[in-house]
Amino acid sequence: MGDKLIIREIEFRSRLWVGTGKYKDFEETRRAVEASGADVVTVAVRRMNIIDRKSENLLDYIDPKKYKILPNTAGCYSVEDALRYARLAREAGISDLIKLEVIGDEKTLFPDTWGLLKATGILAKEGAIVLPYTNDDPIMAKRLEDAGAAAVMPLGAPIGSGLGIRNPYNIKIILETVKLPVIVDAGVGTASDAAIAMELGCDAVLINTGIAGAKDPVAMAEAMKHAVLAGRLAYKAGRIPKKLYATASSPIEGML
Amino acid sequence: MRLTINSDFFETSGTRTLEELLNDLDIEPGRVAVEVNLSIVKKADYSAFMLNEGDKIEIVNFVGGG
Numbered sequence: 001m002g003d004k005l006i007i008r009e010i011e012f013r014s015r016l017w018v019g020t021g022k023y024k025d026f027e028e029t030r031r032a033v034e035a036s037g038a039d040v041v042t043v044a045v046r047r048m049n050i051i052d053r054k055s056e057n058l059l060d061y062i063d064p065k066k067y068k069i070l071p072n073t074a075g076c077y078s079v080e081d082a083l084r085y086a087r088l089a090r091e092a093g094i095s096d097l098i099k100l101e102v103i104g105d106e107k108t109l110f111p112d113t114w115g116l117l118k119a120t121g122i123l124a125k126e127g128a129i130v131l132p133y134t135n136d137d138p139i140m141a142k143r144l145e146d147a148g149a150a151a152v153m154p155l156g157a158p159i160g161s162g163l164g165i166r167n168p169y170n171i172k173i174i175l176e177t178v179k180l181p182v183i184v185d186a187g188v189g190t191a192s193d194a195a196i197a198m199e200l201g202c203d204a205v206l207i208n209t210g211i212a213g214a215k216d217p218v219a220m221a222e223a224m225k226h227a228v229l230a231g232r233l234a235y236k237a238g239r240i241p242k243k244l245y246a247t248a249s250s251p252i253e254g255m256l
Numbered sequence: 001m002r003l004t005i006n007s008d009f010f011e012t013s014g015t016r017t018l019e020e021l022l023n024d025l026d027i028e029p030g031r032v033a034v035e036v037n038l039s040i041v042k043k044a045d046y047s048a049f050m051l052n053e054g055d056k057i058e059i060v061n062f063v064g065g066g
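The listed protein sequences derive, respectively, from chains A and B. At position 173 of the first sequence (counting the first as 1) the number is 173 in my numbering, and the numbers step up by one without a gap. At position 35 of the second sequence (counting the first as 1) the number is 35 in my numbering, and the numbers step up by one without a gap.
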C-alpha cells in the first residue's frame, strides 16, 4: 500500500475526491460519501442560516474529523470575491486547503485563468494550500505551479456536463509539464471516465455531479471508488501498446 | 444596538462582543467564519472584538458544494 497521494506532507487515503452539492438531502450525501471511500470532501462557503437555528448543518453529517474538508470558492467571478471567500474559509479553522475557483463565464463555468493565477499567487503567499480549478492548458498549469499552487486541478469537461475527459492529450501533457499532483476536477460522468483519468496518470479525480446526479448516487459512488482504484492499478501496471494489427495470444507450435 | 447580520437587521441588547453575539445566536464558533464591516475577524479575537451600532456582519459556514 505504498502508493499514497501526498500533497504538502498531507497523506490522502483515497484518490477519489467527492463534492457534496446537488444531493437529495444530507443523509443521501452522507451515504454516498461513505460508499465512495473518499478522504477529501469539498464544500461551499455560504451565509449561515441565522434565523432558523433548527436547520441542520452539513458537518453534522460529514464529520470533519473523519474527512478532509476542502472548501471551494464556487460562485466567485472575480479575484476579489475569490480571495474573500478563500480567506473566510481558512478562518473557519477547519482546513488550510482551498479549492480555488475564479469563474470566467456563467454558461461554461470555465475558469478565468488570468484571475485564477492572480488569486493563486496571493493566497499561496498567505500560506493557504491552494488547489486551483483550471483548464486543460499545460502552460496555465505551469504558471499556477510557479505561482505557488500545491496541485493543479484541470477540468475534464464543464462542471456537471458528464462529458468525461474531453482532452486526454492535454491532460497527459500537463502531467509531463508540472511536478505537482494533477487532480482532474469536473466533467466525470460515469465510472469509465474516472478510470480513464487515472489511467492517464492523474493523481486523483474530483467528482460531484457524476455521483450526486446519478439515478442511484450511492451505487455510483461505489462504482467510482472501484474505477479510481482500477484506473490507478492499470496505470501502475503498465498497459500494452496499441497496435494496428493482431498478435496471436495462443502458440502456433503444436498445431495439428 | 442595531446590527446587520447576513443582510438582515437585528436588534440586540446587552451584547457587546462578537463572542457574546455568537452565544446569543446559539452559534458554535468552530464551524463559522465572521466578517465585520468587510474585515475578517480572527477566531482568537472573538472575545475581545467590540461591536458597534450599525456594524455589518457576515457569518458564513460550509454547505454542500462541488
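Any given hint could be a false lead.
[Unchecked claim] In silico SDA-like pairs for lysine to any residue, Cα to Cα no more than 20 angstroms straight-line:
#	chain 1	residue 1	chain 2	residue 2
1	A	Lys142	A	Lys22
2	A	Lys54	B	Glu28
3	A	Lys22	A	Ser78
4	A	Lys54	B	Lys56
5	B	Lys56	A	Lys65
6	A	Lys65	A	Ser95
7	B	Lys43	A	Ser95
8	A	Lys4	A	Lys142
9	A	Lys68	B	Lys56
10	B	Lys43	A	Gly93
[Stated by the list, open to error] Simulated DEER-style distance windows between Cβ atoms:
#	chain 1	residue 1	chain 2	residue 2	range
11	B	Ser39	A	Glu34	33 to 41 angstroms
12	B	Met1	A	Asp60	26 to 34 angstroms
13	B	Gly30	A	Glu34	50 to 58 angstroms
14	B	Asp8	A	Lys172	49 to 57 angstroms
15	A	Tyr169	B	Thr17	37 to 45 angstroms
16	B	Ser7	A	Lys215	54 to 62 angstroms
17	A	Pro64	B	Thr17	39 to 47 angstroms
18	B	Ala48	A	Lys215	33 to 41 angstroms
[Stated by the list, open to error] Here chain A is said to cover these stretches of chain B; the calculated rule only asks that three of the stretch's residues, wherever they fall, bring their Cβ under 8 angstroms from a Cβ of chain A:
#	region
19	11 to 25
20	49 to 62
Simulated from the structure, these hints should not be mistaken for laboratory data. Since we're looking at a predicted model, the values are computed, not measured. Ideal placement from N, C-alpha and C gives every residue a C-beta, glycine not left out.
Structure-based check of each hint:
1. A/Lys142 - A/Lys22: violated (32 angstroms)
2. A/Lys54 - B/Glu28: holds (13 angstroms)
3. A/Lys22 - A/Ser78: With a Cα-Cα distance of about 24 angstroms, the restraint between lysine 22 of chain A and serine 78 of chain A is violated, given a limit of 20 angstroms.
4. A/Lys54 - B/Lys56: Status violated; Cα separation ~24 angstroms.
5. B/Lys56 - A/Lys65: violated (32 angstroms)
6. A/Lys65 - A/Ser95: Holds - the C-alpha atoms of serine 95 of chain A and lysine 65 of chain A are around 11 angstroms apart, at most 20 angstroms.
7. B/Lys43 - A/Ser95: holds (14 angstroms)
8. A/Lys4 - A/Lys142: violated (23 angstroms)
9. A/Lys68 - B/Lys56: Violated, at roughly 31 angstroms.
10. B/Lys43 - A/Gly93: Between lysine 43 of chain B and glycine 93 of chain A the Cα gap is close to 8 angstroms, so the pair holds against 20 angstroms.
11. B/Ser39 - A/Glu34: 33 to 41 angstroms: holds (38 angstroms)
12. B/Met1 - A/Asp60: 26 to 34 angstroms: Taking Cβ atoms as reference, methionine 1 of chain B and aspartate 60 of chain A lie about 32 angstroms apart, which means the hint holds.
13. B/Gly30 - A/Glu34: 50 to 58 angstroms: Taking Cβ atoms as reference, glycine 30 of chain B and glutamate 34 of chain A lie about 23 angstroms apart, which means the hint is violated.
14. B/Asp8 - A/Lys172: 49 to 57 angstroms: For lysine 172 of chain A against aspartate 8 of chain B, whose Cβ atoms are near 51 angstroms apart, the range 49 to 57 angstroms holds.
15. A/Tyr169 - B/Thr17: 37 to 45 angstroms: violated (57 angstroms)
16. B/Ser7 - A/Lys215: 54 to 62 angstroms: violated (38 angstroms)
17. A/Pro64 - B/Thr17: 39 to 47 angstroms: violated (26 angstroms)
18. B/Ala48 - A/Lys215: 33 to 41 angstroms: violated (52 angstroms)
19. 11 to 25: With 1 residues close enough to chain A, the hint is violated.
20. 49 to 62: With 5 residues closer than 8 angstroms to chain A, the region 49 to 62 of chain B meets the three-residue bar; holds.
Comparing the model with each numbered hint stated earlier shows that hints 1, 3, 4, 5, 8, 9, 13, 15, 16, 17, 18, 19 do not hold.
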